[in-house]
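Here the protein sequences come in this chain order: X and A.
Just so you know, the first sequence maps onto residues 1 to 245 in the UniProt record's numbering.
Just so you know, the second sequence maps onto residues 1 to 245 in the UniProt record's numbering.
Please note that a few of the clues may not be correct.
What the hints assert, rightly or not - In silico EDC-like links for lysine to aspartate or glutamate, alpha-carbon gap of 20 Å or less:
1) X:Lys120 - A:Glu122
2) X:Lys120 - X:Glu28
3) A:Lys120 - X:Glu122
4) X:Lys155 - A:Asp76
5) X:Lys155 - A:Asp191
Claimed, not checked - Stretches of chain X that chain A covers, calculated by requiring three or more beta carbons in the stretch to come under 8 Å of a beta carbon on chain A:
6) 63-77
7) 84-95
8) 139-147
9) 150-162
Don't read these hints as lab results, they were simulated from the structure.
Every residue, glycine too, gets a C-beta built ideally from N, C-alpha and C.
Protein chains: 2
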Amino acid sequence: MTRQPPKYEVRCQSCSISRLCLPVMLAEAEVEHLDSIVERSRPLRKGEQLFSANDAFEAVYAIRSGSLKSYTISEDGIEQITGFHLPGEIVGLDAINDGQHPSFAKALETASICAIPFEKLETLARQMPALQSQLFKVMSQEIREDQELMMLLNKKAADERLAAFMINLSQRFGRRGLSSSAFRLTMTRSDIGNYLGLAVETVSRLLTRFQSNELIAVQDKEISILNVEELSAMAGTRCHLSPLT
Amino acid sequence: MTRQPPKYEVRCQSCSISRLCLPVMLAEAEVEHLDSIVERSRPLRKGEQLFSANDAFEAVYAIRSGSLKSYTISEDGIEQITGFHLPGEIVGLDAINDGQHPSFAKALETASICAIPFEKLETLARQMPALQSQLFKVMSQEIREDQELMMLLNKKAADERLAAFMINLSQRFGRRGLSSSAFRLTMTRSDIGNYLGLAVETVSRLLTRFQSNELIAVQDKEISILNVEELSAMAGTRCHLSPLT
DNA sequence: CGACACCTTGACGGGCTTCAAGTCTCGTGG
DNA sequence: CCACGAGACTTGAAGCCCGTCAAGGTGTCG
Numbered sequence: 001m002t003r004q005p006p007k008y009e010v011r012c013q014s015c016s017i018s019r020l021c022l023p024v025m026l027a028e029a030e031v032e033h034l035d036s037i038v039e040r041s042r043p044l045r046k047g048e049q050l051f052s053a054n055d056a057f058e059a060v061y062a063i064r065s066g067s068l069k070s071y072t073i074s075e076d077g078i079e080q081i082t083g084f085h086l087p088g089e090i091v092g093l094d095a096i097n098d099g100q101h102p103s104f105a106k107a108l109e110t111a112s113i114c115a116i117p118f119e120k121l122e123t124l125a126r127q128m129p130a131l132q133s134q135l136f137k138v139m140s141q142e143i144r145e146d147q148e149l150m151m152l153l154n155k156k157a158a159d160e161r162l163a164a165f166m167i168n169l170s171q172r173f174g175r176r177g178l179s180s181s182a183f184r185l186t187m188t189r190s191d192i193g194n195y196l197g198l199a200v201e202t203v204s205r206l207l208t209r210f211q212s213n214e215l216i217a218v219q220d221k222e223i224s225i226l227n228v229e230e231l232s233a234m235a236g237t238r239c240h241l242s243p244l245t
Numbered sequence: 001m002t003r004q005p006p007k008y009e010v011r012c013q014s015c016s017i018s019r020l021c022l023p024v025m026l027a028e029a030e031v032e033h034l035d036s037i038v039e040r041s042r043p044l045r046k047g048e049q050l051f052s053a054n055d056a057f058e059a060v061y062a063i064r065s066g067s068l069k070s071y072t073i074s075e076d077g078i079e080q081i082t083g084f085h086l087p088g089e090i091v092g093l094d095a096i097n098d099g100q101h102p103s104f105a106k107a108l109e110t111a112s113i114c115a116i117p118f119e120k121l122e123t124l125a126r127q128m129p130a131l132q133s134q135l136f137k138v139m140s141q142e143i144r145e146d147q148e149l150m151m152l153l154n155k156k157a158a159d160e161r162l163a164a165f166m167i168n169l170s171q172r173f174g175r176r177g178l179s180s181s182a183f184r185l186t187m188t189r190s191d192i193g194n195y196l197g198l199a200v201e202t203v204s205r206l207l208t209r210f211q212s213n214e215l216i217a218v219q220d221k222e223i224s225i226l227n228v229e230e231l232s233a234m235a236g237t238r239c240h241l242s243p244l245t
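Given only the sequences and the hints, what does the whole structure look like? Please build it.
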């Protein structure tokens with residue numbers, strides 16, 4: 001008798017977002033090897049931790065469905081959200097360096113996660129050039145995104161930050177086959193503010209303003225982008241014009 | 001007759017900062033392999049570019065001596081400095097993902113650079129587990145540092161940012177065998193402000209204030225740290241006490 | 001239904017940017 | 001050698017964006 005695997009045991013070969021994940025560019029036989037080291041467990045429910053700061057680093061994690069936030073907590077207890085993660089993205093890469101997670105990762109909604117033991121992944125990467133290459137690319141990409149975020153936080157006003165955030169989310173949803181013009185925010189306003197370096201109140205006020213300017217429509221956590229052009233223009237740095245009325 | 005190599009042809013084996021660079025943890029024979037793919041050219045002079053945005057990505061670069069800044073320029077011409085780099089550090093890692101540099105790197109003073117062709121490095125990494133591992137660690141480290149910087153920019157006041165910056169520089173100089181209590185800033189005040197998301201004037205005022213509070217002594221670009229404890233305390237987030245007089 | 005988290009809106013104040021002016025250093029060329 | 005200009009740095013004054021405080025509304029879950 002063949003035991004029926006629980007339905008969260010999706011294999012890489014049949015995973016719908018594998019083209020955004022590590023298997024990209026891998027030959028079929030290689031995907032099977034990769035699949036063989038992946039560990040899948042029951043989905044995380046909203047609010048559950050995937051890992052915590054100071055946890056020993058065992059694996060990196062690929063998101064199969066749902067969304068996560070990763071964040072650090074400073075000595076004095078201040079939370080700093082360092083990223084929101086969608087299906088196909090890899091989290092935990094910041095822990096490689098010293099074998100211990102520097103950050104937390106928590107589910108923003110029910111989320112299915114693939115754990116990929118890092119030692120095995122390293123070994124596999126040595127045998128599969130395309131996998132090694134993809135790993136370097138994923139990490140490089142994260143470095144670059146952090147740098148773009150730095151530009152955002154250092155040089156842009158509150159409305160520009162929020163516009164850039166919405167455009168970014170929109171594009172990421174689009175790449176995953178979802179609507180890029182209408183989506184649901186899985187994080188709270190407070191999370192957004194934390195991430196963008198703004199007070200919750202500012203985020204709330206800006207969403208209201210964007211809505212009255214007909215850039216977006218807001219219905220609780222549901223967002224519709226009504227005017228991509230103008231929103232994108234706002235996301236690009238503005239040269240200190242007077243604020244719109 | 002054996003040609004005398006120019007004196008900038010230092011080999012990895014005899015390089016004074018190899019313990020901070022890629023060769024760390026490599027066996028002697030492995031270092032020789034690595035050394036054999038490294039390309040060294042004449043030193044960069046102050047202000048010269050190592051690479052520019054949109055340049056094709058060929059190599060990553062290790063700094064042997066001197067210092068660099070890396071920065072991006074947004075569509076509308078705003079410069080955003082993304083990092084300052086000291087000997088032993090690797091720059092160009094943000095270019096791996098799409099074969100094109102997203103940022104610029106420029107010498108802040110005369111600097112000797114080792115170019116490491118990335119394709120060869122990848123190949124070598126497949127044969128040398130310790131090298132592959134070190135590469136992952138270096139990239140992981142950069143991701144983590146960017147996240148710490150995010151915390152700095154998002155959550156801390158101007159004086160805390162500058163204090164953290166000084167402490168960070170101090171520690172990095174120390175690790176390189178230089179004095180951690182007295183050093184020379186190779187970047188301008190404007191660069192510091194750009195990096196930390198502050199106006200030049202703010203940086204200048206804070207340096208003056210730090211000096212009158214006897215936390216540091218400033219003589220043009222020469223900095224002496226007089227009170228590490230208090231400066232470190234300031235670098236840790238403060239709980240909104242009234243400013244020191 | 002009551003506790004709690006999330007969200008919104010208004011009022012106020014402060015920390016930083018911006019603007020402006022002046023000093024100093026340094027490299028360059030006459 | 002020195003004049004000269006450009007860039008770097010400092011210091012002061014004024015204004016504004018956004019954080020903070022406060023209050024109230026809404027939705028959710030035990």
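Structure-based check of each hint:
Between X:Lys120 and A:Glu122 the alpha-carbon distance is near 18 Å, which keeps this suggested pair within the 20 Å criterion. Restraint check for X:Lys120 and X:Glu28: the C-alpha separation of about 19 Å stays at or below 20 Å, so the hint holds. Between A:Lys120 and X:Glu122 the CA atoms are separated by roughly 18 Å; this keeps the pair inside 20 Å, and the hint holds. Taken as a hint, the X:Lys155 and A:Asp76 pair is honoured in the structure, with Cα atoms around 12 Å apart against an allowance of 20 Å.
Among the hinted pairs, X:Lys155 with A:Asp191 is consistent with the structure: their alpha-carbon atoms are about 13 Å apart, no more than 20 Å. Coverage of the stretch 63-77 of chain X by chain A holds [criterion: at least 3 residues with CB-CB distance below 8 Å; count 4]. Restraint check on the stretch 84-95 of chain X versus chain A: 3 residues with Cβ-Cβ distances below 8 Å, three needed, restraint holds. A count of 8 residues in the stretch 139-147 of chain X with a Cβ less than 8 Å from any Cβ of chain A is obtained; the coverage claim is therefore met, three being the minimum.
For the stretch 150-162 of chain X, the proposed coverage by chain A is satisfied: 5 residues have a C-beta within less than 8 Å of a C-beta in that chain, meeting the threshold of three.
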